[in-house]
Amino acid sequence: MAVKVAIVVGALAVGTLVEWVTGASVPGRMPAFALGAAIVLVIGAKQLGRVVSRPVGVRAGELGDPADDIAPAGEVLRGEVVDG
Amino acid sequence: MVDLSGLPAVHPALVLIVGALLVAVVPRRAGAALTVLTGLVALVAVVRLDEGTVWDLGFYTYELTWLRADGLSLAFATVFALIIVIAGVYGWTTMGRLERAAALATAGCGVGVVLAGDLLTVFFFWEFKVTTAALLIFARRRARSAAAGLRYLGVHLVGGVLLLAGTVWHLIDTGSLAFASLELTGATGLVLAGFLVSAAALPVNAWLPDSYPESTVAGTVVLSAFTTKSAVYVLARGFPGVELLLWLGVAMAIFGVVYAVLEDDIRRLLAYHIVSQVGFMVAAIGVGTEAAVNGATAHATAHVLYKGLLLMGVGAVLYVTGRSRASELGGLARALPWVLVLYMVGALSISGAPLFSGFPAKELAVTSVGDGGSYAAQWLLKLASVGTFLSVALKLPALTWFGEPRSATGAGPAPTLQSVPVTMYVAMGVAAVANVAIGVRPALLYDLMPTAVSFEPYTVAKVVEATMLLAFTGLGFWLLRAKLQPAAKVSVDTDWVYRELPTIVRRRIAERPERAGPEDRRPRLPAPTMPGAPTRPVIPSWVLGGAIVGAMVLVLAVSVVA
Chain A
1 MAVKVAIVVG ALAVGTLVEW VTGASVPGRM PAFALGAAIV LVIGAKQLGR VVSRPVGVRA
61 GELGDPADDI APAGEVLRGE VVDG
Chain B
85 MVDLSGLPAV HPALVLIVGA LLVAVVPRRA GAALTVLTGL VALVAVVRLD EGTVWDLGFY
145 TYELTWLRAD GLSLAFATVF ALIIVIAGVY GWTTMGRLER AAALATAGCG VGVVLAGDLL
205 TVFFFWEFKV TTAALLIFAR RRARSAAAGL RYLGVHLVGG VLLLAGTVWH LIDTGSLAFA
265 SLELTGATGL VLAGFLVSAA ALPVNAWLPD SYPESTVAGT VVLSAFTTKS AVYVLARGFP
325 GVELLLWLGV AMAIFGVVYA VLEDDIRRLL AYHIVSQVGF MVAAIGVGTE AAVNGATAHA
385 TAHVLYKGLL LMGVGAVLYV TGRSRASELG GLARALPWVL VLYMVGALSI SGAPLFSGFP
445 AKELAVTSVG DGGSYAAQWL LKLASVGTFL SVALKLPALT WFGEPRSATG AGPAPTLQSV
505 PVTMYVAMGV AAVANVAIGV RPALLYDLMP TAVSFEPYTV AKVVEATMLL AFTGLGFWLL
565 RAKLQPAAKV SVDTDWVYRE LPTIVRRRIA ERPERAGPED RRPRLPAPTM PGAPTRPVIP
625 SWVLGGAIVG AMVLVLAVSV VA
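Chains as they are written, first to last, in the numbering used here: chain A, 1 to 84; chain B, 85 to 646.
Treat the hints with caution; some may be incorrect.
Claimed, not checked - These stretches of chain B come out as covered by chain A in the derived footprint (C-beta under 8 Å, 3 or more residues):
#1 341–352
#2 465–471
Stated by the list, open to error - Only some residues are given here: those of chain B computed to face chain A with a beta carbon under 8 Å:
#3 542
#4 544
#5 552
#6 556
#7 574
#8 576
#9 634
#10 637
#11 638
As the list claims (entries may be wrong) - Here are the simulated lysine-lysine pairs, DSS-like style, with alpha carbons at most 30 Å apart:
#12 573/B x 46/A
#13 4/A x 46/A
#14 4/A x 567/B
#15 4/A x 546/B
#16 46/A x 567/B
Hint data in this document are derived by calculation from the structure and do not stem from the laboratory.
No residue lacks a Cβ here, since even glycine has one placed at the ideal position from N, Cα and C.
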């Protein structure tokens, strides 16, 4: 954990320095924004997933069993096999 | 330069539709070459069109404009013609006759929509495209594809009815069918709603991730290029500056990436990113300035190329392994290294990495949103960009090409059953070169835009900002990679309303205590059979389909002659 914190702090410092040196934008704004956004998106999506995710093949209107998701290569993907 | 001025001008949509008819009857081997040749001829026909060209056609008492070439329509028509050539090469060994014909007809209708100068011509090509696109989904010939194709048809028929109703109402109100920038009224509101259905706008977005991944590997590439991008074109043409579109687009951009982070099926993941990327375009159209419409057009043009490349890459994985779930894949880097390299070109493009096509396109679109005064929307689009890089360029390749091979269903690790055909590599290579060329030399893209572009993407500020966004998203991925492990799950979308709610209602009704005695009950109708069930129709489907299409062509021909 300490290593991760050190890496994050170090990366943010380098990012801020680069933005300050190049005068690209407000120093540190984009590194903090991108890192925060990535964390919010992943954690938010996982929370949403608790509500909307279902095991494969259990939805109403979904045909076949989960194995139907696995298309035998060369059989149903190749038009010539079925469309001779 | 090759001088094409001596060639007679011909409508590019007509070239593609005639090509589709020919491909449907020639032997399969000749069909592959004919598909590519038709695309090339259509591309030449588009290049030959001069800005300002207008072809009118008398239809009863109306003057229809079946071809109008201007900057906006030519930008879309050019990339449409290019992508059908690439898709034809990609599907050289995999596509069947029906699929090729449907692909060319879909391309023809897409080109027809963007070159149409009136709402009735738009409607004609629009509805024809729905039919041929559904054929591309059916072409995979699985029960799941048939069901998804029927749902696709159902949703788009609703969109088509809205479009037609709005068109007729608008005609009654104004006496005009001209398709230009439309003032928002009740009639044009219906037209807008019809367009938004095809743009996969919230909340009618679910048809896209439901249907595209159920098509064949090449069919998905074609679908991704024409349906939503035609919708982006008509929105840019008809409704620039409608503020609703700005926030609708932002919502689409974020919704798409959130669902993509959740998604296990790599083709559905990319389908959700179509919703997200179209959101960028719709948002820019909502701003409506000249620069914003250029941004939406540039983004749509680049998107056709990089999304095509991404779908070709994951299509190659599906072709080789027969699997498209991340929970069933992994460890393919050694077996498919070049597919990974080419895929990553598309992934870096969609992420807006400098030197790739998405950078000049997305920068133009997102900056124009900020310049239009919508800073909140601009930052929300940057948030969506974080999600794009996270799921398309980091999560998907990490789970597909790296790590240990996985097996969620006990079927064993994904086998590599066959090699990737050379033609697939050629098509992906051409698309990759196009993406890099645009990234290195943005003028190739900007010169196609409806109005002159003075935007300079390669400034220190923009390059540093884009690099920071990508680098720190990568850091976030590294920190949270354990949370992104795949699970064999599917996410319920807004299609819950028409896929699950009716079942729940039926179940609730069935669970209610019966009020009437058994003798009073009416005999129940037999349950409808699901698509793919082994029933034998009285009339063969091809006879019925042929008769309906023949009747439609006859009615149209008689109408035109009359």
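**Study point:** Violating hint indices (sorted, rising)
**Key:** Failing hints, ascending: 3, 9, 10 and 11.
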